[in-house]
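S.K.: Chain by chain, the residues:
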Amino acid sequence: MAINRRDFLKIAGITTLAGIGGAVGVNLITNKGIEAAQYLEDPKSLKGKRWGIAIDISKFNTPESYQKVIDACHTIHNVPLINNPKEEIKWIWTESYEHTFSSHEYANPYIKEALKKKPFLVLCNHCDNPPCVRVCPTKATFKRKSDGIVMMDMHRCIGCRFCMAGCPYGARSFNWRDPRPYIKKQNPEFPTRMKGVVEKCTLCYERIAIGLKPACVEASNGAMVFGDLNDPNSDIRKVLASNYSIRRKPELGTTPCVFYIIGG
Amino acid sequence: MMYDGGKIIIGLLIFIGFSTFPFLFTMGKAVAKPEPKIDTPEIQKMVDKKCIESKQYMKTEHMVILNDWRDAVVRDGLRLYKSKDGRSFDMSLQNTCMKCHSSKKKFCDECHNYVAVKPYCWDCHIAPQEGT
Numbered sequence: 000m001a002i003n004r005r006d007f008l009k010i011a012g013i014t015t016l017a018g019i020g021g022a023v024g025v026n027l028i029t030n031k032g033i034e035a036a037q038y039l040e041d042p043k044s045l046k047g048k049r050w051g052i053a054i055d056i057s058k059f060n061t062p063e064s065y066q067k068v069i070d071a072c073h074t075i076h077n078v079p080l081i082n083n084p085k086e087e088i089k090w091i092w093t094e095s096y097e098h099t100f101s102s103h104e105y106a107n108p109y110i111k112e113a114l115k116k117k118p119f120l121v122l123c124n125h126c127d128n129p130p131c132v133r134v135c136p137t138k139a140t141f142k143r144k145s146d147g148i149v150m151m152d153m154h155r156c157i158g159c160r161f162c163m164a165g166c167p168y169g170a171r172s173f174n175w176r177d178p179r180p181y182i183k184k185q186n187p188e189f190p191t192r193m194k195g196v197v198e199k200c201t202l203c204y205e206r207i208a209i210g211l212k213p214a215c216v217e218a219s220n221g222a223m224v225f226g227d228l229n230d231p232n233s234d235i236r237k238v239l240a241s242n243y244s245i246r247r248k249p250e251l252g253t254t255p256c257v258f259y260i261i262g263g
Numbered sequence: 000m001m002y003d004g005g006k007i008i009i010g011l012l013i014f015i016g017f018s019t020f021p022f023l024f025t026m027g028k029a030v031a032k033p034e035p036k037i038d039t040p041e042i043q044k045m046v047d048k049k050c051i052e053s054k055q056y057m058k059t060e061h062m063v064i065l066n067d068w069r070d071a072v073v074r075d076g077l078r079l080y081k082s083k084d085g086r087s088f089d090m091s092l093q094n095t096c097m098k099c100h101s102s103k104k105k106f107c108d109e110c111h112n113y114v115a116v117k118p119y120c121w122d123c124h125i126a127p128q129e130g131t
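Going down the list, the sequences are from chains H and W.
0 is the number of the first residue of the first sequence in numbering that gives the first Met the number 0; add one for each residue after it.
0 is the number of the first residue of the second sequence in numbering that gives the first Met the number 0; add one for each residue after it.
Okay, chain W solo, but in the shape it has when bound:
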């Protein structure tokens, strides 16, 4: 027989309860899948609904692109982005990305909140007015 067995077992049970609580609490509950919306008036107007690169590429690499853009623009003074299919864009979060994706809430925040990332873009950059 172990000494203080009862206390140890109670302690262990409390510990297991605490550590599994987040999993048990959300078990069976489906968290709403993020659904970023790209149906802004600006995008509706486009004949060829295409971002600067392919959708898949933008999904996985947009943060890398933005990071590279900021270095190119701020540090090297290069402002024009020539995409793989030869189109040119001004490398600017406020003046290029957000001109089409004009709802930060429905486009950026939707996924960022879901995966709990908080990019600090908007501490300085001005987001477009919602609902205009």
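So that you can see chain H by itself, here it is in the shape it has in the complex:
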């Protein structure tokens, strides 16, 4: 029996429709997957659109005041202590004035001597416009839309170190060797890292998610203020509104969210 083009198209069309419709129908009826399970935000989590930290440098005066903040972070996050500066891992550490504020040093070489001699706590700035995120080929580092944290997904990191080249603040460290032997006491609640990945401060995303402030802020006894930069009534906005503060290398346009209150 010969079939003309018109009939062929009709039959083909109806068959296609029946096929697609049938598949959807069968899926709806038989889908016994995990559709009832859900992923939810912890109700205890801190809510904010743009997290930031303000560091009041007038409250850091002794080596211990810096060290207790660094230790709080590094013990919780299983950060190894490797004494070789070429291989060291750091999430939060101290840096000299000219390294921390190189552009300010250039802008005004005659600034207050006391300021020049002070060490400054530095950490990932969780930039609004993070160069590390732009260069990451696997999206292992990404900016969380919900709260602006520049996060690391260690499962995806391939250790190419583009992000280390991209970050103008040196906030990232590479694991040249297995970090485990260099961790004095492991925190069993948090993972370590492995050889061949880059790591950095994650603004304690795991603490924020259960309603705690970042470990450094908690250990600083009020010398560091944490809050939502997007909320004009937050602690951090009040502190920034009433004190003079600067940011690191503002001319690069990365818009850091770590502020340094340097006093009048």
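These are calculated hints, taken from the structure and not from any lab test.
Everything hinted at is true.
Dumping the calculated SDA-like pairs for lysine to any residue here, alpha-carbon to alpha-carbon at most 20 Å:
{"#": "1", "chain 1": "W", "residue 1": "Lys98", "chain 2": "H", "residue 2": "Gln185"}
{"#": "2", "chain 1": "W", "residue 1": "Lys83", "chain 2": "H", "residue 2": "Ala36"}
{"#": "3", "chain 1": "W", "residue 1": "Lys36", "chain 2": "W", "residue 2": "Cys110"}
{"#": "4", "chain 1": "H", "residue 1": "Lys116", "chain 2": "H", "residue 2": "Phe59"}
{"#": "5", "chain 1": "W", "residue 1": "Lys98", "chain 2": "H", "residue 2": "Asn186"}
{"#": "6", "chain 1": "W", "residue 1": "Lys117", "chain 2": "H", "residue 2": "Met193"}
Start from chain H and add chain W according to the hints.
M.R.: Positioned in the frame of chain H, the structure of chain W alone reads:
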């Protein structure tokens, strides 16, 4: 008659010997069946001995769950898992799964070694201390 027949036949025999060696070598020997143990003190204490989902589902889909969990927690910041029967769990390998299944050797490795899969979870995640 084929040329060099003897050499070819010897070669073929050697080849057949090599390729069937793994099967002949293990023939008749039963390899111990993996028996993952879930009799940890934590599970013993539970009144209702139930994992987050049904046993069958966990057996076949645990790797999918873990994969989905890591994306939800790390990338989307969602930490709570609501199971099909409405219970809530913190989505965490170290702090939820391994709190009950506290022996990695007897729970994870038992089957993974048997089927020769090497998930890289433990390169970073810290396994609970064995025998505590």
